[in-house]
Amino acid sequence: MARLNPYALKDHLRESLLFNRHLLVAMVVGGILLLVLIGKLAILQIVQHDQYTTRSEKNRIRVQPIAPTRGLIYDRNGVLLAQNVPSFRLELVPERIEDLEQTLTTLESLVSLTEEDIARFRKSITEAKAFAHVALRFRLTEEEVARVAVNRHRLPGVFIAADLARHYPLGEFAAHAVGYVGQISLEELQDLDTTDYAGTHHIGKVGIEKFYENLLHGEPGSQKVETNAQSRVLRVLDRTLPVPGATLILNLDIQLQQIAAQEFGDNNGALVALDPRNGAVLALVSMPGYDPNLFVNGLDSKTYRQLSGSPERPLFNRALQGQYAPGSTVKPFIGLAGLELGTVNGQQELKCPGWYMLEGDDRRYRDWKKIGHGEVDLAQAIVESCDVYFWDLSFTLGIDNLHSYLSEFGFGRKTGIDLVGEMAGLLPSREWKRRARHLPWFPGETLNTGIGQGFTQATALQLAAATVGISERGKRFQPLMVRAVQEPGDSAQFEISPVTQTPVPIRDPQNWDYIIHAMENVVHSLRGTARRLSENLPYRIAGKTGTAQVFGIKQDEEYDEEKIAKRLRDHALFIAFAPADNPQIVVAAIVENGGHGGSVAAPIVRKIMDAYLLRTKPDGA
Amino acid sequence: MAPDTLGFAENTRLTSGRKLLQRLHIDITLLGGLLVLASLGLFILYSAAEQDQDVVTRQLIRLTLGFVVLFVLAQFPPRVLRRWSPWLYALGLSLLIAVLLLGVVGKGAQRWLDLGLFRFQPSEIMKLAVPMMIAWYFTEAPLPPRSKHLTIASALILVPTLLIAKQPDLGTSLLIASSGFFVLWLAGMSGRLLVGLLVLISAAAPFVWSYLLHEYQQQRILTFLNPEIDPQGAGYHIMQSTIAIGSGGPYGKGWLNGTQSHLDFLPERSTDFIFAVFSEEFGFLGNLLLLAVYIFIITRGAVIAAQAQDTFSRLLAGSLTLTFFVYLFVNIGMVIGLLPVVGLPLPLVSYGGTSLVTLMAAFGMLMSIQTHRKLIAT
Chain F
1 MARLNPYALK
11 DHLRESLLFN
21 RHLLVAMVVG
31 GILLLVLIGK
41 LAILQIVQHD
51 QYTTRSEKNR
61 IRVQPIAPTR
71 GLIYDRNGVL
81 LAQNVPSFRL
91 ELVPERIEDL
101 EQTLTTLESL
111 VSLTEEDIAR
121 FRKSITEAKA
131 FAHVALRFRL
141 TEEEVARVAV
151 NRHRLPGVFI
161 AADLARHYPL
171 GEFAAHAVGY
181 VGQISLEELQ
191 DLDTTDYAGT
201 HHIGKVGIEK
211 FYENLLHGEP
221 GSQKVETNAQ
231 SRVLRVLDRT
241 LPVPGATLIL
251 NLDIQLQQIA
261 AQEFGDNNGA
271 LVALDPRNGA
281 VLALVSMPGY
291 DPNLFVNGLD
301 SKTYRQLSGS
311 PERPLFNRAL
321 QGQYAPGSTV
331 KPFIGLAGLE
341 LGTVNGQQEL
351 KCPGWYMLEG
361 DDRRYRDWKK
371 IGHGEVDLAQ
381 AIVESCDVYF
391 WDLSFTLGID
401 NLHSYLSEFG
411 FGRKTGIDLV
421 GEMAGLLPSR
431 EWKRRARHLP
441 WFPGETLNTG
451 IGQGFTQATA
461 LQLAAATVGI
471 SERGKRFQPL
481 MVRAVQEPGD
491 SAQFEISPVT
501 QTPVPIRDPQ
511 NWDYIIHAME
521 NVVHSLRGTA
531 RRLSENLPYR
541 IAGKTGTAQV
551 FGIKQDEEYD
561 EEKIAKRLRD
571 HALFIAFAPA
581 DNPQIVVAAI
591 VENGGHGGSV
601 AAPIVRKIMD
611 AYLLRTKPDG
621 A
Chain E
1 MAPDTLGFAE
11 NTRLTSGRKL
21 LQRLHIDITL
31 LGGLLVLASL
41 GLFILYSAAE
51 QDQDVVTRQL
61 IRLTLGFVVL
71 FVLAQFPPRV
81 LRRWSPWLYA
91 LGLSLLIAVL
101 LLGVVGKGAQ
111 RWLDLGLFRF
121 QPSEIMKLAV
131 PMMIAWYFTE
141 APLPPRSKHL
151 TIASALILVP
161 TLLIAKQPDL
171 GTSLLIASSG
181 FFVLWLAGMS
191 GRLLVGLLVL
201 ISAAAPFVWS
211 YLLHEYQQQR
221 ILTFLNPEID
231 PQGAGYHIMQ
241 STIAIGSGGP
251 YGKGWLNGTQ
261 SHLDFLPERS
271 TDFIFAVFSE
281 EFGFLGNLLL
291 LAVYIFIITR
301 GAVIAAQAQD
311 TFSRLLAGSL
321 TLTFFVYLFV
331 NIGMVIGLLP
341 VVGLPLPLVS
351 YGGTSLVTLM
361 AAFGMLMSIQ
371 THRKLIAT
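Keeping their order, the protein sequence lines are chains F and E. Numbered according to my numbering, the first sequence spans residues 1 to 621. Numbered according to my numbering, the second sequence spans residues 1 to 378.
Simulated from the structure, these hints should not be mistaken for lab results. Misleading hints may appear alongside valid ones.
Unchecked claim - Listed next, the in silico EDC-like pairs over lysine to aspartate or glutamate satisfying Cα-Cα at most 16 Å (straight line):
1) LYS58/F with ASP264/E
2) LYS129/F with GLU91/F
3) LYS205/F with ASP291/F
4) LYS607/F with GLU535/F
5) LYS210/F with GLU188/F
6) LYS129/F with ASP264/E
In isolation and in its complexed conformation, chain E is listed as follows (with noise of 0.2 Å):
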């Protein structure tokens, strides 16, 4: 799709559906790859929840939730957006803060805040409190940035990531830092200094490995390189996962038929492992399938942000639409034992609640984004 240079003309054609999607500030072809994904999702939790009904409702429930949220952010024009940004920044900074000195503590990680009603996960605002907080940062600065915002921008990705890193939530903080680096990235960073930057992080990684790593975190490294140190172990997830796999072969064993996750072997298989259930059950040729609806929300998430009309826009658009697909790209390489087993969920398929909000409302600011376009090029 051609930037829309030709809008006016455009829009004089638009059908009455169109417009009335237009006005509901609703991108169809997103909606529609999020619903198709989402009804995937729901269809493999059946399996993997033992055809659980409770289970699947309350995934739909979550999800009806999340397309709430998409909807009401997609009201929000990107200006808005652009205001909240350092706010939203500043209060999930203090969020964090917060967390580190009065979180709770559930599965061995200091991640929640109580807040009397329910437990809040801080680190869920930073998934886009920080590629807005850059975006609008750069919208400020002249692009391509000059070392100095880059060096300013760099801070206000780390010190968020560290914070969570240190909760400690790996598979967030990467989420994180990676939606940050994509704004420096896209706002027009140097291939030389990104080089750069992955040799001075290679050059860290020991220091990283002993002092910010937990044991766990390091035994989930080990395990990763080599899965059968352990088998009955942390390696279990990863043996058991590629058994189930390998096992579904080209066309899978079908669904509701597979083994290895309804025989209990497949560990965390309704959240962040549930890609090895729908690999079993529908094989190779599913997992196309699955990816091409991925890809398919990818590259329409890519054409908003192409299309996007501002500095902000843009930047924001191109981040949350590749760290969607490093969100995809990191679970299923856990899942298939070519990653170390961090944990994040498959998004929109595992069972799961925050952060499938959080994943929409980053959609609902695509939409914002694309259906808030001025008519005419300035």
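With the rest of the complex left out, here is chain F (with noise of 0.2 Å):
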């Protein structure tokens, strides 16, 4: 194309209108995208304008939970059984340090860092955000806290955070009535209320820690605060203070079950008292103890091997949960069967030559004592604790009668005790066994039932509790751990009301007084199985001694021959109130593998009331 003046050959009018003309349709539709803009902006900022702001309050502001303080435990004398003590964590903030290599060395000095710590902090590190506070040691020391605090110029980054964790001052004293808290499971996570337990790491796993889990636990407070996309916590708009858990007061005397352990020794075994005219749990022992300090902030799994994997299983606790044969000790409330039905009267007697048949059955059944009791009364057969006496009785009354009136008396069904897991033992009858082990009845169980061997099997707590049935003469009462509640803020007390069971119902109240009297000579008689106990005994006690056979528990995995020999012999048992016109405590201790129920378990029981009912002295037990 040959260069042309531009200006020569074109004409100019008409380019210029076509130019207007295409420059104004431009503007036009520039003008109306324009519009189309304004309107997004007008649906954004004024029609939508709500629901973006509450978009974006929700981007900004988080709720955080602030967890309530757990209530504390007293037992009834005021002293603490569980309380929340400041637990100080070693936490480092990774954008605050320059050098972490130099910063973990530094603490190495300060504070002992086990190589699973520092594992689990460089993992944690990983995948914390920058200004996350990452923890390094849990439970650190008071000198270490002082150490860290004296260093901190050197240590930018580097904090002691303090939260309350859950202390038993008294360890395993009360480790099987108080319980332990520990941190929630995943399972217990799915039935909790998650906005409840928002900012809560424990949860009462057993005992009284787990029953009363609502009341101890508080409402949770929450604030609001600002963050920033990162999540970093710029600054607190709001707070709603939690309110802290309820103080519960047990009837548990501390010092009774201190005792206990101590005269328990070595053996195992389980103890309970009861303030008869009430309920009140006054002693849950179970032996061995733990320390349920160890269970709060988790265990390592070495220890939680060695504990439950111990033959001697302290875990396990033996007073709600360890099912016993009852032994002799059921027969005070077969004889007052006997009595109530008109089976035999309290002046009839019976030879005794050390053992009984069965008529159409030529086995044997053999008295403990060979040579037999002689000439026996009723009285005298529970003083003497004689097994033919209640062979005979038992099989004239019959399973039927058997099951109907130790079922008064709370055999076979759980006491309902402000505790989780009790065992119901078992009272064996017809329709149980026909039900569980698709067979009738024989005669020869009867006689088994009779002197509370065979298939019964009963609680330390349901002993005790039967046992308050006949201290109290027929009233029963739920057993009761917690004696009073406090709420947060509220000077008074609630007191916890007993709670009565349906009573035994008598037919004729001397019944009562032969029986009591009986057990009295338990104790107070020259030929009482426990007579040993009289010795200085400023009170009168009414008891009844019991041995169980030992074939339930297998759980031995070595051979160690003393043990085998040992976890041969029988339980001893022992079921007790005093004073006995005029019961203030009822006690059923059960001594595994303790033989004679009156040489072992009754002396454990006299120095529970002892201390209990002598107390008005200084103690100098």
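Take the two lone chains and join them into the complex the hints point to.
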């Protein structure tokens, strides 16, 4: 194309008009597009403003839970059993630390750090945000806290955080009664109201701590915080304080617990002491105990294996869950059944040759006393614990009467104590046998039931509760661990009133006197099986010894001759109440492999009773 | 304002101040609009940059540099600019090819030439060179253009556009294509042809999608169509910026009080998404004010184009003004979720270097066109 003078050959007017028209079109199109922008802005900022405000608030405002302080637990005399103590942990904030390795080396010289601590820390630091507080060590000692504090100037980004940790000052003495808290497990989390537990890491696992979780936990508070896009908290906008959990005052007398633990010594077993007037649980002991503080911050697997794998089974609550054959301790109850149903009267005597035979059966049932007890009436049969008498009596009564009468005292049923995991024991019946064993009832089994052997099983708690039925002449109470509840900010205590249970029906109230008198003679007569207790006894005890054959618990993995020999020994039992004429305490004790009830279990019971009844003096036990 | 047919008469009535400005080749109306916009920009940048005065100072320095460039360019009469056009275009094209061959990769794209002292983005030259070149081309050809001329002009537009799209820099290639297209349109391309072209483009879209767009660009468009598909990734930008704008409401949260921006929810808040910061803090009313300033500048640009006395000046002024509008529309459209995310700044407000200087250069040319008019109509 030849270069032409642009101004010469063009129609400038036409060109200009065309340009202006097209410019106008472009401007109009632009104007329309601009209106679209303004329209969209109006929709966002005016029509949908509220919706976007909500979303922007949701972006920046987080609600953080504030965990409530857990309620305290006291014994009946105001001794602190469970408290919250400050627990210090060492935290590092990655973004404020220039040289992490240097910081770790410095810290190692100040506090003890295991390889596990450091490994866990390194793992969590890779997942944490730069401004997050990452824990390096838990439960610093006060000395360690002080050492870190003094060196703070050379430890930028290192912090000591305090929170409250559950602590049981009396450790194992109340472990089986109070229980413990532990870290919330995944399964527990599924059943929890997550808003209530959002800031809480621990929950009651067993004992009072579990049963009264709702009262002890309290209500969480919350704070509204402003965060940025990286979730860093910039400021607190609003705060609702948490309501601490309620304080529980137990019926438990920690001194009795301690004495029982001391008296059991190396023996395993269980002891339950009740106040017969209201069902208050004065002592609930399972031996051996364990240190509940171990569980609070999670125990390492080695310790846990030691505890759970131990043949002594320290974690097993024998008082609630240990089901033992009650042995001869059932005799007063069966004797009462005999009197009530008119099967026997108090004076009628029976000759005990030391053995018993059922008609049409050539098996000889042998009394524990081979030479026999001679002529015995019911009272004497209780005092001497004559098996033959009770074989005869129970055979005459029959299993149906035995079952229904023992049921009246709560055998075979949970007592309803305010603890979790109680076992019901077993009171056999024809119906039970048919259902559980698909077999009819055999007469020989009635004999076993009559002396508390065979299928019959009871817990120490059940025995104690049943004994209250005798001491209170038919009145029965649900055992209660908690005496009073004190709500936070309220100085008044809310006393928990006793819960009565269906009383034992009685035809002739004199039958109570007869049985109680017989039980007194177990201790206070020359031929009583617990006669040794009466030495220097300033009050009167009514009791009954028992000896349970061992065939239930097969837990020995190791073949230690001595241990096995001991394991095969009978369990010793003793139930008792005192003072006999005005009962204030009922105790049931089971000493595993203790041999005879009178010689092993009864002295422990007496110590408990002495401590409880003679306490006016300054304690010298 | 009517075309200046009475230039001579008017000239005799010029005040001394106006005379001075005329001699300095400054269009006070346009300059006023630019100054107001730049000040607004600094204001909101101060907030978006967390009250970092260094950022504001740096932006101020750039703006000053930009105004110097504007002032210098305004001194060259349009015929000089016209003479430069083919050379500038040739230079830009060769640099684009150089970038393709030995450019520096930054932020996942190859856009920069490392000149030792500083990095330079040749596509910036093309923002000016393409409209200049097409305008130059049409001053040689009779108008309205015949299809042959349109074809050649289209090729002149398409080559740099594709080169830049390949870098990849979708935003800039879009701007350059539009700046060229605007010259075609203003030169008198028929409306029927335009419709035909649009049909052609939509027909070519699937091809462009699968062969020309990078995966991240495809992703951006998909995310634009449905931001919720990727709320933590690409959709995050759009979601957070619409939340910022929507929560600003009619009157805004107040200067320095935008929670979305100051709490880090808003990404790229001092650069491409600065409009969201402005919207959050100044609300719908503030947006109207900001848009009014832009409309004022664009209108002035259109007036300058309409008053221009030769084809080159007219076409160039019109194209630059309309491209400025595209800039604005694409940025705001993207921030409020009307358009896919393409990396274009909010002109004269976003924090950033070269594009600001290029823009100022464009306004310098507008001023040159306005202030070098012959006093007697030809």
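Structure-based check of all given hints:
With a C-alpha separation of about 14 Å, the suggested pairing of LYS58/F with ASP264/E holds against the 16 Å cut-off. Of the pairs offered as hints, the one joining LYS129/F and GLU91/F holds, with about 13 Å between alpha carbons and a cut-off of 16 Å not exceeded. A hinted pair counts as satisfied when its Cα atoms are at most 16 Å apart, and LYS205/F with ASP291/F qualifies at roughly 14 Å. With a C-alpha separation of about 12 Å, the suggested pairing of LYS607/F with GLU535/F holds against the 16 Å cut-off.
At roughly 12 Å between alpha-carbon atoms, LYS210/F and GLU188/F fall within 16 Å of each other, so this suggested pair holds. Distance restraint check for LYS129/F and ASP264/E: the Cα-Cα separation of roughly 15 Å lies within the 16 Å cut-off, and the hinted pair is therefore satisfied.
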